[in-house]
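Asker: What follows is the residue order along each chain.
2 protein chains.
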Amino acid sequence: MWRLHQFPLCPFSRAVRFGLAEKGEVVELVEARPWERPDQLFALNPACQTPALENGALVLADSTAILEYVEETIERPPIIGASAAERAEARRLAAWFKERFYAEVTAPLLSERLIKRIVTREMPDGRVLRSAARAAETHLQYVEYLLDHNRWLAGPTFSIADIHAAAQISVADYLSGVDWAGHAQAKMWYSALKSRPSFRAMLADRMEGVRPPAHYDKLDF
Amino acid sequence: MWRLHQFPLCPFSRAVRFGLAEKGEVVELVEARPWERPDQLFALNPACQTPALENGALVLADSTAILEYVEETIERPPIIGASAAERAEARRLAAWFKERFYAEVTAPLLSERLIKRIVTREMPDGRVLRSAARAAETHLQYVEYLLDHNRWLAGPTFSIADIHAAAQISVADYLSGVDWAGHAQAKMWYSALKSRPSFRAMLADRMEGVRPPAHYDKLDF
Chain A
1 MWRLHQFPLC PFSRAVRFGL AEKGEVVELV EARPWERPDQ LFALNPACQT PALENGALVL
61 ADSTAILEYV EETIERPPII GASAAERAEA RRLAAWFKER FYAEVTAPLL SERLIKRIVT
121 REMPDGRVLR SAARAAETHL QYVEYLLDHN RWLAGPTFSI ADIHAAAQIS VADYLSGVDW
181 AGHAQAKMWY SALKSRPSFR AMLADRMEGV RPPAHYDKLD F
Chain B
1 MWRLHQFPLC PFSRAVRFGL AEKGEVVELV EARPWERPDQ LFALNPACQT PALENGALVL
61 ADSTAILEYV EETIERPPII GASAAERAEA RRLAAWFKER FYAEVTAPLL SERLIKRIVT
121 REMPDGRVLR SAARAAETHL QYVEYLLDHN RWLAGPTFSI ADIHAAAQIS VADYLSGVDW
181 AGHAQAKMWY SALKSRPSFR AMLADRMEGV RPPAHYDKLD F
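Order-wise, the sequence lines are chains A and B. With my numbering, the residue at position 189 of the first sequence is 189, and numbering never jumps. With my numbering, the residue at position 18 of the second sequence is 18, and numbering never jumps.
Because the hints were derived from the structure by calculation, they are not lab data. Mixed in with the good hints, there may be bad ones.
As the list claims (entries may be wrong) - Which chain A residues stay away from chain B? Per the calculated CB distances, all over 10 angstroms, these:
1) V26
2) V30
3) P46
4) L60
5) A61
6) T64
7) E72
8) P78
9) D125
10) R151
11) W152
12) P197
13) P212
Unchecked claim - Per the computed footprint, the stretches of chain B lying under chain A, defined by three or more beta-carbons under 8 angstroms from a beta-carbon of chain A, are:
14) 55-63
15) 67-78
16) 82-89
Stated by the list, open to error - Looking from chain A toward chain B, a few residues come up when the C-beta cut is under 7 angstroms (computed):
17) D62
18) T73
19) A88
20) A95
Each residue gets a CB set at the ideal place from its N, CA and C atoms; glycine is no exception.
So here's chain A without its partners, still in its complex pose:
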């Protein structure tokens, strides 16, 4: 049985949950709060970050390493594309959302609207939030550019590019960081993801002390 150490608004854990659910795997969730530096998480992952995934004696960490492991050991359905070039494009875009979207949008939102609310009890910094909102807008434009050329972000098939993008965007959306107005094509893509059972379950999760906007878990938003 898989045991995933995560917290509801960890975008990397969401990517792992989404990928495992696509493969039909059942996962037991264990809540871990990296900012409290818990011993148990540190023992599983010396980076003391979520996600960490256990299965008996096997311990995996890092969302990319975990999803590659899942793809190598559970063949159907594939989540990293078909040809080597398609797989490279899926991985390039996965890194785009894991690294750039996270650094420019998700991380500042988590810091201003989660950590400041539940840990340090400070007010969010308006300048940081405005800068994250501008970055989110640019990323949505890039999503639409990609969807002009392909059915899914990295090509004709659903892949880790969609998984990582949806994981990051869903956390930003929970924290009121995404303005969907004027992005009909991105909305249609995201709505198709929201309707997948593998993703829908996650949208029911709530982080104690922080409420999402009303549209957050609606298919029509």
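Following the hints, complete the assembly by docking chain B onto the known chain A.
Answerer: Chain B only, in chain A's frame:
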């Protein structure tokens, strides 16, 4: 023919060069300076970052995506471990060095000792350099911890963990950010890497305007 868009102190480009050389591939180098936002780099990689790798009509970006592509298309010698669990460990550690070592050590060194020297013409900030030095020390301790358990960082075989670690460490070392004193085991591992022809060529590269310390390219340092 592979054409790699890079600059001599880009740690991610070094990882790609190291990996391609291990596979016996010959690569033409094209210098690109991401901080000047060159159109050519932007056209190859919308993130406008090095490395970007071309081969005819094929364009690849992101060092992880590139090395996975190389592993999938050029079988020998393998650079991501044997079993799925070994491969997951190699990928976890590759991410450790690409993300943590880079954020805590390489990026501040590049900012203080490269960009400030050749672009903004400012003096480096001593506090930032001291913080990077402390982080480098912690990372060398982690390298030694890993080498207590394995021949190479991720297990019995050379892998992308060693490639990404050596790429980051070599840039930090060029920028005088690594104090090797008291780290005999890490030195031995790094010396073995330095003696590989695939890595040695890179150590001859120089970045205009910035000189490495005397020990930088010596096998006995």
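Asker: If a hint holds in the structure, say so; if it does not, say that too.
Answerer: Going through the hints against the structure:
1. V26: Consistent with the label, V26 (chain A) stays out of reach of chain B, its closest Cβ about 20 angstroms off (over 10 angstroms).
2. V30: holds (19 angstroms)
3. P46: At roughly 7 angstroms from the nearest Cβ of chain B, P46 (chain A) sits no farther out than 10 angstroms, so the non-interface label is violated.
4. L60: violated (5 angstroms)
5. A61: violated (5 angstroms)
6. T64: violated (6 angstroms)
7. E72: Per Cβ check, E72 (chain A) is inside 10 angstroms of chain B; nearest 5 angstroms; violated.
8. P78: holds (13 angstroms)
9. D125: The assertion about D125 (chain A) holds, with a minimum of 21 angstroms to chain B.
10. R151: holds (19 angstroms)
11. W152: At roughly 16 angstroms from the nearest Cβ of chain B, W152 (chain A) sits farther out than 10 angstroms, so the non-interface label holds.
12. P197: Holds, since 26 angstroms exceeds 10 angstroms.
13. P212: Consistent with the label, P212 (chain A) stays out of reach of chain B, its closest Cβ about 28 angstroms off (over 10 angstroms).
14. 55-63: This one holds; 4 residues, not fewer than the three required, reach chain A with a Cβ under 8 angstroms.
15. 67-78: Coverage by chain A holds for the region 67-78 of chain B (4 residues, Cβ < 8 angstroms).
16. 82-89: Since 5 is at least three, the answer is holds.
17. D62: Because about 5 angstroms separates D62 (chain A) from the closest Cβ in chain B, which is inside the 7 angstroms limit, the hint holds.
18. T73: Holds. Min distance 5 angstroms.
19. A88: Result: holds, 4 angstroms to nearest chain B Cβ.
20. A95: Holds, about 5 angstroms.
The structure is inconsistent with the numbered hints 3, 4, 5, 6, 7, although it conforms to all the rest.
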